[in-house]
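Novice: Chains as they are written, first to last, in UniProt numbering: chain A, 1 to 304; chain B, 1 to 501.
Everything labelled a hint here was simulated from the structure, so no lab data went into it. Incorrect hints may appear among the rest.
Partial list, derived from the structure: chain B residues whose beta carbon lies under 10 angstroms from chain A [claimed, not checked]:
1. Glu43
2. Ile119
3. Ser172
4. Glu175
5. Gly230
6. Glu378
7. Ala380
8. Glu430
9. Glu433
Cβ coordinates follow ideal geometry from the N, Cα and C atoms, glycine included.
Each chain, written out:
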Amino acid sequence: MKSFLGKRAVASAISLVGLVILVFFLSRLTGDPTDLFLPEHASQEARDKFRAIHGLDQPLIIQFFSYLGDLLRFDFGESVRRSEPAIDSVLRGFAWTLQLGAVTMSLVTVAAIVVGSLAAFHVGGFFDRVATFFSLIGASAPDFWIAIVAIVVFSVNLGWLPTSGTGTIWHWVMPVSVLFIRPFGLILQVVRGSMIAALNSAYVKTARAKGVRNRPIIFVHALRNALLPVITVLGDQTAAILNGAVVVETIFGFPGIGKLMIDSILQRDFNVILAAIMVTAFAIFLMNVLIDILYTVLDPRIRY
Amino acid sequence: MTHIVGRISAALLATTIAGTALAQDTSVTIVLSEELDIVDPCESSRSNLGRVLLQNISETVTELVPGSGLQPRLAVSWEDKGDGTWRFKLREGVTFSDGTALDAGDLAHSIARFQGDAISCEIGAKFFGGIDLTTEVIDDTTIDITADPAQPILPLLMSTVTVVPSETAMDSFVETPIGTGPFVWEEYARGEYIKLSANDSYWGETPAVTGATYLFRSDSAVRAAMVAAGEADIAANIALQDATDPAMDYSYPNSETVYMRPDTHTAPLDDVRVRQALNYAIDREAFVGTILANGTLLATGLTPPSTIGYNTDLEPYPYDLEKAKALLAEAAADGVPVDTKITLIGRIGNYGNVLETMEASLSMWQEAGFNMELRMVEVAEWLDHYSQPFAEGRGPEIVNAQHDNANGDPVFSMYFKYACDGLQSATCDETLEGLIADATALTGADREAKWSETFKYIQQDLVADVMLFHMVGFSRVNPRLEFTPTIRTNSELQLSQVGFK
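Just chain B, with the same shape it has in the complex (with noise of 0.2 angstroms):
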C-alpha cells in the first residue's frame, strides 16, 4: 500500500513540476484547430500550415510587414529590368538546416518545383495562376526573375515564396521541411504533435523562444481552456463564444472577409435591379455584436481595409426593405422571374456562426420577397458550386463564402474572383475585365487610384455580389508571453516574434 501511495505521489509531483516548467521555460505550446495533412512548404499559403512552418521554417524571398510594406527576407534587394524582369540579390551566408548554402539556384528550383506540373503547389497556383516564370541564375547570390505577363509587383509576389533547397524532389511532397528559417522542424507524431527547435546556426538574430510544441484540438472551448490552465500559450483561432477572458483574448481583424456571391449568368441574378435588392434587403449591422463579434467590420469590397487601393469613400448598402421590394417588382414588370426558387448555398464549419448567418440572411431574403431555400454542404460540395467549371442546368444559386487577402494587394483577389474566367468568378463584364488588367499593370498611387476605381464599380455599377463583412478573429494568449496577434496570425504565427514577460 506504501508502494502505490509514494507512486502516486511521484506521479502528482511529476505532474505538477510539469506544470511549472511550461511557466518558466522558453519553449512554447501552440494548440491548432487541425491537424496538417501536407507539410511541404510549398503549400504554407494555407493557413493551417502556415501557422507553423512559414518564418519559422521556410522563409519567404521577401516578406509583408503590417504597417511597414514589403521588407527584405531572403532577398535584401530587388531591382526591375525591364521587360517583366527582376533581379532579386540573396542575403550571404544563409543555410538551410541540412547544413547546405541558400543560393540562387535553390530559388530557381524552388519556383520550378511550384510551378512544374509533377506536383501541385498551392503557392503556384493560387498567386502565381497565368504567370509564367523563369529565372536566370547570374552568381550564387543574384538571380533574374522574369514574368510574363510581365509583374509590376513581382517583388510583392515573391513575398509567398519558400524557399526549398535544391535537392527537394519536384516529383513528390517533402515528409521532413528544410528550410532557412529561425527553427527546425524535429518530429511528428501523427495524430499527436508536432515539435520544433531553435536553429543554432541561423542567419539572423536569435528568437527569444527556444522551441514550439503544436498540438491539435479540434473544439475551441478546449483549446481555450488549455490556455488558461496553463497547458498552452497561445490557441491561434478560438470562438468569439469562448473569448470571454480580456486578459488573454485578442480580438484582430483576420483578414477575412464574408460575402454572397450570386450567379449573374442566370437569371433572376442576371438582373442588376435583383441584385441590388439583395443588396437592400440585408439589415448588415443587425449582425454585429450578436452572432458576430464587436468590430466585425461591414465590408464595401472583398478585400480588407489594409489593402491598398480599399476605397474608403464606399459606404454599405442600407437596409432599406422597402426599396428592395421595389426593386424586385420593377424587375418583375420588365419580365424578370423574381419568384424563381433561389438556392442559398452555405459552407458548414466555414466560419463561427454561419449557420445563424446564413439562417438570418434567408430569412431577411424571404422577407423582402425572394423565394428561396438555403443548403448548407460539406466542403467538397460547396467547392463544386463555388469553382468553375458550374455544373449545366444549375437553378440561381448564392453561394456564401469567406475569402482572405493578408498580402497587402487586391491583385491576388481580383482575377480569380471576378474576371471571366477566374476560377471563383461567377460573373464576366468586359469593364471590370479592362479595370483588372490596367490595375494590375500599374504601380504606385495610379495602382492605388485604379483598385478603388475597381472596388466601386464592383460594389455601385455591376453589384457584382452581396459584401457583408470583414470578420474578427480571436486568439488566446498566455499572459506569461509578450506577443499580440494581427491580422497574419489568421495564416502566420512567427514564433521570432513572441517574447517573454
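Isolated chain A, as found in the complex (with noise of 0.2 angstroms):
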C-alpha cells in the first residue's frame, strides 16, 4: 500500500507540474493583465512600471523559473487584484467550497444509495419509475435554471428562504439543493444498475435461499459489491464540485473557489489562477487515494 500510495504521489506530481506548465503558459497567451489592470489611458511610463513591478517585463521562460523558484519555497506569488497572497484569496475560497461540497455529497451518497437500492430491489415497480424518471430529469436539468426558479419560487414569492449569501443556515439550503439534483440523479442510476447486478448474482441468490430478510440482502450483501462503480462516480462528481460549483456560486453570491476562478481568468490574475488549480488538483489528488483506499475496504480481493 506504502509503495502504491508512493507511485500514486509521484504520478500526481507530474501531472501537477505538467498542470502547472501548461496553465501558466495558457495563461499568460490571454494577454498583458496592464490593459486590465491600469486605465485605458494609462502613460506608458506607469504600464512599464506596473509590468516592471509584476515581473511582466521579463521574458517568459524567465519569469517561468522565477515562478518555479518561488514555489519551492511555497511562495504562490501576490494577487494583482486582491493586494494579498494569492494563496490566501484561494484557501479562503476553497474552504467555502469545502463545506458546500461536502454537505452536498453527504446528502447525495446517502439519499442515492436509498433510493437507488429500493429502486432496484422494485425494479419495474412504481417507486423504481418514479426515482428513474426524477433521476434522469435531475441528471440533466440546468444548474443556472433550477436555481433562478429556486429563488423566484422559495425566496420571492413563498418568502421561506433568503435569495442568496451567507450567514445562517437557511443560506445553505437553496445552493445545496441545486447542487445535490445533478450528481443525484446520475449516482441512483450508478446505484440502481449496480444493484440490480448484484441482487441477481449467484451469492444473493444464495442468501434468499438460506431465508436471510430482504433488508440484510440489500445493504449488506448486495450494496457491498455494487459499491465499487458509485463509488468511482461519487468521487468524479466530488471533484466537480471541488474544482469549482461555478454556477451554483455566482448565482447564490458564495464566495468559494469556482467564482474566484472565473474572476482570476477574467481579470487576468495569473497568481490566483495557477494557485487555484494547484489547491483543487492537490485536493483532487487526495480524495482519489481516498477512493483507492475505500476500494480495499469494500473488496478485500482489490490489492495494491
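Reassemble the complex: the two chains are provided individually, in unrelated frames, and hints are given to aid placement.
Specialist: Take a look at the structure:
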C-alpha cells in the first residue's frame, strides 16, 4: 500500500508540474494584465512600471523559472487585484467550496444509495419508475435554471428562504439543493444498475435460499459489492464540485473557489489562477487516494 | 429531539427577526453587479467604485448636480485668476475620517498623486490627460490651481477630483479609503460585503441613512429578487427583462451612448459614402421596445442630451435601405473596394442584449450588401481594437462601444474619441481638430454653440460613426425608501440622497 501511495504521489506530482506548465503559458497567451488593471488612458511610464513590479517585463521563460523558484519556497505570489498573497484568496475560497461540497455530497451519497437500492429491489415497479423519471430529469436539468426558479419560488413568492449569500443555515438550503440534484440523479442510476446486477448474482440467490431477510440482502450482501462503481462516480462528482461549483456559487453569492477562478481568469490575475488550480488538483489527488483506499475496504480482493 | 426542534425554532425566529429588522432600521443594503477590485478614491471614476465611494466616503472639490449645474462641495467658491489659474476657497471645519483637518495641502497632494507616475489613477488619465496641473497653496483654505493648457472649465473638471489626506502614499493604492464624506469605511470582507457607517463628525447635514452594506451578485435576476424579497434595498443596475414591477423599478437615461465606430483609416470605411450607407442601413427604431428598453433614445451625438451643446436640431439617420445600396454602388463605381470583408467587433456583456443588438445590426448591413462578419470578444481583446495604437495590417473594422458622460460637458468625450491622437479615436480630421480645440477654450453660450457645431459636423459632414442609442438603465428600489435613481446612479449612489418613507 505504501509503495502504491508513493507511486500515486509521484505520478500526481508529475501531472501537477505538467498542469502548472500548461496553465502558466496558456494563461499568458490571453494577454497582458496591464491592459485590464490600469486605466485605458494610463501613460506608458505607468504601464512599464506596473509590468516591472509584477515581473511581466521579463522574458516568458525567465518568468516561468522565477515562478517555479518561488513555488519551492511555497510562495504562490501576490494577487494583482486583491493586494494579498494569492494563496490566501484561494484558501479562503476553497474553504467555502469544501464545506459546500462536503454537505452536498454527504446528502447525495446517503440519498442516492437508499433510493437507488430500493428502486433496484422493486425494479419495474411504481417506486422504481418514479425514481428513474426524477433522476433522469435531475441529471439533465441545467443548474442556472433550477437556481433562478428556486429563488423566484422559495424566496420571492413564498418568502421561505434567503435568495443568496451566507450567514445562517438557511442560506445553505438552496445552493446545496441545486448542487444536489445532478449528482443525485447520476449516482442513483449507477446504484440502481449495480444493485440490479448484484441482486441477480449467485451469492444473493444463495442468501435468499438460506432465508436471509430482504433488508440484510440489500444493504449488507448486495450493496457492498455494488458500491465499487458508485464510488468511482461519487469521486468524479465530488471532484467537479471541488473544482468549482461556478454557476451555483455565482448565482447564490457563495465566495467559493469556482467563482474566484472565473473572476481571476477574466481579470488575468495569473497567480490566483495558478494557486487555485494547484490547490484543487492537490485536493482531488487526496480524494482519489481516499477512493483507492475505500476500494480495498469494500473488496478485500483488491490489493495495491 | 425537543432540543433539535428548539434550535430550529430559534434559528427560524432569528431569521424572521433579521428580516423584520431590515424593514425597520435606518441602514440600507445595496446589491451591486460586480465586486470592487481597487478601493482607492483616485479610481472613483470607475462606476463600480464610484457607487460606493463617491460623495459617500470621498467628496469631490465641486459637484455637478443634474438640473442645478455646478455646485460647491469641498470648495465653497472659485475664481478665474487668468492665465489658466483658478483660485479655490475650501470649506472650513472639514475633517477626514482619520481625524485630521482638511486643508489646501491635502488638495495639492491629491492632485499631485493622481497626476504622478508612481501609480496610475483613472481620474488623472481620463479627465486630465494632456493637461498639466500645478498648485500653489495660499493658506489653509485657499489654493491656486493652474492648468496648462488653460482650462476654462477647470471648476467643472474639479467635480471629478476626490480629496485624500496628504499622508496618503504616493506610490501605492490605499486599502482603506479615508475621506471627508458623510460615511466612513468600516469593513471589507473580500468576496462577501463592504460596510460603511455614518461619519459622526461630518461637516454637512446628517443623512437619514446610518449605515450601508454592499453585496455583490453578478446575476441580474438575483439582484432583482433580493429587493423583491426584502433582502436588499437598492439593486443599482438590473436588466430589462428583470424590471417587471412598476412599483419598484425605475427607468432613467443612464448617460450611456451606444455607437458603432468604423475605422476611417482603412478602405472601404475611409470613404464617406460607405459610412453614410452604414447609417442609412440601420433601422434604429426597430430596436426600441424589442431588444432594447422602451424609452431608449435614438442618438445623434456621442453624449446624452443633458450635456451642454447637444444639438437638438439633428435628426437620426432614417432607415433607407435603397439609399444605402445606392451609396455603396456609387462608391463601388469609383473604385472603392466595398466588397472587402469588414469585421464587426462587439464586447461580450457590454450592455444588456449586446449580442442581439450586434446580430441585428449585422443582418441589416448584410441586407444592404456589406460583406461583414461578427466577432464578440472579451474586454481585453476588445480594448486592443478600441484603443490606440491599433494593430498594423488590420483589416477594416467597426467596433461597437458604449460611452458614458454624465459630467455635463462634451469635453470629457470629444478629445479622446475624435482627436487624431485621441486614445479611442479612429478618425483624424483637421476641421474636427480645430472645432474641438475651439470649443474646449470657450465658455458660456459660445462654448455651447461651438459644441453644437461640432456635433453637426461629426454626424453630417464627417460621418465619423454610426450613432445608435442613448441607453436607459433600470434600478429596483425597495418601497420603504424615498429614493429616485437618476442619470448619475450609473456612476455614483449618494447615500445622503436616500430617505425612508
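Novice: Hint by hint, note whether the structure agrees.
Specialist: Going down the list of hints, with the structure as the test:
no.: 1; hint: Glu43; result: holds, 8 angstroms
no.: 2; hint: Ile119; result: holds, 7 angstroms
no.: 3; hint: Ser172; result: holds, 9 angstroms
no.: 4; hint: Glu175; result: holds, 6 angstroms
no.: 5; hint: Gly230; result: holds, 8 angstroms
no.: 6; hint: Glu378; result: holds, 7 angstroms
no.: 7; hint: Ala380; result: holds, 5 angstroms
no.: 8; hint: Glu430; result: violated, 24 angstroms
no.: 9; hint: Glu433; result: violated, 19 angstroms
The structure shown violates the earlier hints numbered 8, 9.
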